[in-house]
Every structure is written in structure tokens, then in C-alpha cells.
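Novice: One letter stands for each residue in the lines below.
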Amino acid sequence: MKRALALMLLGAAPTAALAQRLDAEVDCKPTKHDLVYDCRFVLKEAKTGKLVSGAELAVGADMPSMPMAHNVKPVKAAPSAAPGEYTARIELEMFGEWALKLDVRKPVRDRIVKKFDAREPSR
Amino acid sequence: MDEFAFGVLTNIALFSFLALSAYLLLIAGEMSFGQQAFFGVGAYAAGIGTAMWGWPLPLAAAFAMALGAGAAWLVGLPTIRLRGLYFAMATLAAAEMFRILFELLHYRREIDGDLVGPDGTQGFRGIRWVLERGFEPHEFLALVTAILALVLAGFALVARSRLGARIRMVGEDPELAAVFGVDVARLKLGVVAAAGALAALGGALYAHHNTYIEPRNFDIMLGVHSLAYGLIGGLGTAAGPLLGVLIDIGLLESLRVFQGWRMVVFGGLVAVLLIVRPRGLLDEAVVNRVKRAMSTR
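Chain order of the listed sequences is A and B.
Mind the numbering: the first sequence is residues 1 to 123 in this note's numbering, read in order.
Mind the numbering: the second sequence is residues 1 to 297 in this note's numbering, read in order.
Keep in mind the hints are simulated off the structure, nothing from the lab.
Given the structure is predicted, the values throughout are model-derived calculations rather than measurements.
Hints are not guaranteed to be accurate.
[What the hints assert, rightly or not] Computed spacing ranges between beta-carbons, pair by pair:
hint : chain 1 : residue 1 : chain 2 : residue 2 : range
1    : A       : Lys32     : B       : Gly154    : 45 to 55 Å
2    : A       : Glu97     : B       : Lys291    : 38 to 48 Å
3    : A       : Phe95     : B       : Asp119    : 41 to 51 Å
4    : A       : Glu45     : B       : Arg160    : 22 to 32 Å
By construction, the Cβ of each residue, glycine as well, lies at the ideal position given by its N, Cα and C atoms.
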């Protein structure tokens with residue numbers, strides 16, 4: 001709390017390591033279960049496009065049309081064989097437009113937000 | 001507690017600002033479906049302040065509050081003499097106007113090689129002041145909770161003051177209040193501006209918690225919920241809307257029992273409460289009973 005207040009009041013400068021930005025390519029495919037998706041993420045540095053391997057990544061989701069109300073519990077993404085690639089299975093609450101929140105802890109801290117349209121399958 | 005729990009608690013605290021904003025208008029006798037507009041104004045203003053102009057968050061939040069109050073005052077000027085449903089509809093229309101303005105807002109600058117700023121329907125990414133300063137989730141929660149506690153202390157002070165009595169008097173019976181010399185329109189306009197500033201403060205914190213905002217964040221659903229929280233939790237005390245937020249986000253959402261059906265349950269709960277307890281769970285009668293019980297101890 002004290003640290004948070006100090007950061008606020010002093011208007012501290014950004015930490016260089018935290019100022020690095022990442023980007024991601026996202027590809028989610030529906031599974032046989034409704035609202036469950038297998039997602040693949042390719043993590044890279046935003047400026048150079050260099051793939052980022054060995055990252056610690058958690059994926060959560062929020063509905064833009066109902067912010068703060070749908071708290072989908074973040075799941076850890078597992079690294080796959082390809083460099084910079086991670087996979088995670090996400091379970092949403094309803095069909096519609098979602099904002100996937102990719103929270104990166106390592107090697108740098110960042111949050112990447114990507115839109116995802118969860119469409120109801122035609123039956 | 002894990003990061004998810006901190007995130008849910010932060011959302012409860014952030015939603016509380018909006019719920020308190022709608023509550024302030026409810027006790028002044030007005031029902032606004034448009035407080036999400038000022039939440040949005042605050043989010044965009046503070047985001048532009050920190051991400052594009054390099055301001056520290058406290059300055060950006062103050063700017064957001066001033067802009068939120070100004071925007072609410074401007075909406076209030078032509079609408080404050082409307083009553084009941086007409087005021088509610090006017091605020092809803094104004095909020096939609098603001099949402100469309102957010103969709104039309106394109107203001108981007110290159111900062112450190114990245115284009116940053118509002119980009120219409122594509123949203124506003126890179127509101128990273130909090131992230132780049134290494135705030136941990138529990139630290140940001142502590143900060144938001146501390147600010148919310150200050151706001152609640154402000155509500156408690158106003159509730160005991162002459163101003164608080166005047167606001168409730170205007171809410172109960174504006175004609176009678178006018179007879180007692182209260183300038184009803186002026187007081188209501190002040191309340192509208194204060195409620196706008198409060199919503200904008202919540203929006204400023206929300207933008208920095210989320211790092212990304214878009215016009216759809218500020219549509220009618222957010223306004224309906226913020227209003228419903230006061231009506232569920234009760235209008236007798238500022239703790240009422242907080243109870244409403246806790247019931248919805250804390251209980252219905254977090255328990256996951258009603259997954260997929262939550263909105264149906266929430267809507268049903270609002271309908272039932274409006275019939276059996278029209279002024280919410282913590283209404284004036286309950287609050288007075290509690291006060292009496294405490295004073296006799």
C-alpha cells in the first residue's frame with residue numbers, strides 16, 4: 001500500500017523492463033463443447049517481431065459490452081514445440097464479442113488485449 | 001488470495017464508483033441511465049493524460065474528474081427540469097451520444113515508435129501508466145479501495161450535513177423543498193456534476209486497470225447495472241449500492257452457480273426487490289432502525 005501510494009504521488013518513471021511492449025497473434029478454435037475454445041498464441045516483441053519463448057502467460061477474458069461483470073478466471077498458457085507459441089483452453093460464459101487479456105509475467109511484464117468473437121455454432 | 005481474486009475485488013471497487021454516482025442522483029430524486037457516459041469520459045480523459053501527454057495518474061484523474069463534472073453539468077443544464085421517466089430517457093439519450101462520440105474520436109500520437117491514443121471503434125490501447133510502474137494487482141486494489149474509502153467518508157460527512165438533508169429533501173419532495181427556500185434546480189445541477197465527477201474518477205481508474213478501453217465498454221448495460229446496484233442494495237445509506245455490487249459481482253458472478261443464467265437471475269432479483277423493497281435492502285427504515293439500536297447501546 002505504502003509503495004503504491006509512493007508510486008502514485010511521486011509519479012515515478014516507468015521501469016525500462018516494464019516499458020517493453022509485446023504483441024501476439026491469436027487463433028482460437030471451438031471444441032466439441034459449447035463455449036470452450038482451444039487457443040494458440042504466438043508471442044512476439046511489438047517493435048522487432050522477434051518471437052518470445054519461455055514466457056509466463058495467463059489468458060483471461062472480459063466482455064467489452066459488459067466490462068468488469070464477467071470475470072473469466074485466467075488460465076495458464078502452455079508453451080508448445082514451436083518457438084514463441086503457447087496454447088490454452090479457455091471457457092467463456094456466453095456467445096458474443098470478448099476481449100482476451102493476455103497477461104505476461106516473464107520475461108517482461110505486459111498485458112496484450114485481443115478481440116475474439118465467440119459465435120454460436122449453427123446446428 | 002490469487003491474482004484472479006484481486007481482479008474480482010478490484011472490479012467490485014471500480015463498479016462501486018459508478019454505483020455511488022447513480023446513487024447520488026437517486027437520493028436527489030432522479031434516475032439516471034447515463035452515468036456510464038461520464039465513466040467513459042473519465043476513462044478516455046485519464047488515458048489520454050497519462051498515455052499521450054505523459055501526466056502522472058493523480059493529475060490525469062483530477063483532469064478526468066473535472067471533465068466528467070463539466071460533461072455532466074452540460075447534460076444537466078437542459079434536462080434538470082425534467083422529471084422521472086423523462087429525465088431517465090434524456091440521460092440515456094445523452095449517454096448514447098457520448099458513446100457515439102467515443103466511436104468518432106480519433107486522436108493518436110506516435111510515442112516511442114508506437115501509435116497511441118483513441119482510435120474510434122478500435123478502442124484505445126496502451127494505457128500503461130500503472131503497468132509500467134510495476135503495480136502488483138494487490139497494490140492497485142489497495143489503492144482503489146483507499147480512494148473508495150475516502151469517497152465513502154465524503155458521503156458520510158455529506159449525509160450528516162445540512163447539504164445532505166437538503167439533497168434528501170429535494171429527492172423526497174422538490175416542491176416542499178422549494179417552499180423552504182432551497183434552489184432545487186441549482187442543487188440538482190450541483191449533484192449532477194458531482195455524480196459525473198465520481199463516475200469519471202471510477203472510469204480513470206478502470207482505464208488504468210484494464211490498459212484498454214473501447215466505446216462499447218460504456219453502453220447502456222453498464223448504466224443499467226450501476227442504477228440497479230443502488231436499487232438492490234438500498235437508498236438509505238451509501239453502503240447500499242456497494243452491497244448491490246457485492247451481490248452481483250461478488251456473489252452471483254464469483255460463485256459461478258448461475259453461469260450463463262446470471263443476467264436472468266440478476267434481472268429477476270431487481271424485479272422482485274422493486275416489488276417487495278422498492279428502496280432496496282438497506283432502505284431508510286433499516287438504516288434508521290440500525291441507528292436507533294446503536295444509539296440506545
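Novice: Could you run down the list of hints and mark each one as holding or not?
Specialist: How the hints compare with the structure:
1. Lys32(A) / Gly154(B): 45 to 55 Å: Distance hint for Lys32(A), Gly154(B) holds at roughly 53 Å.
2. Glu97(A) / Lys291(B): 38 to 48 Å: Once the Cβ atoms are compared, 46 Å apart, the range 38 to 48 Å for Lys291(B) and Glu97(A) holds.
3. Phe95(A) / Asp119(B): 41 to 51 Å: Violated, at about 26 Å.
4. Glu45(A) / Arg160(B): 22 to 32 Å: Cβ of Glu45(A) to Cβ of Arg160(B): about 56 Å, so the range 22 to 32 Å is violated.
Checked against the numbered hints listed earlier, the structure breaks hints 3 and 4; every other hint is satisfied.
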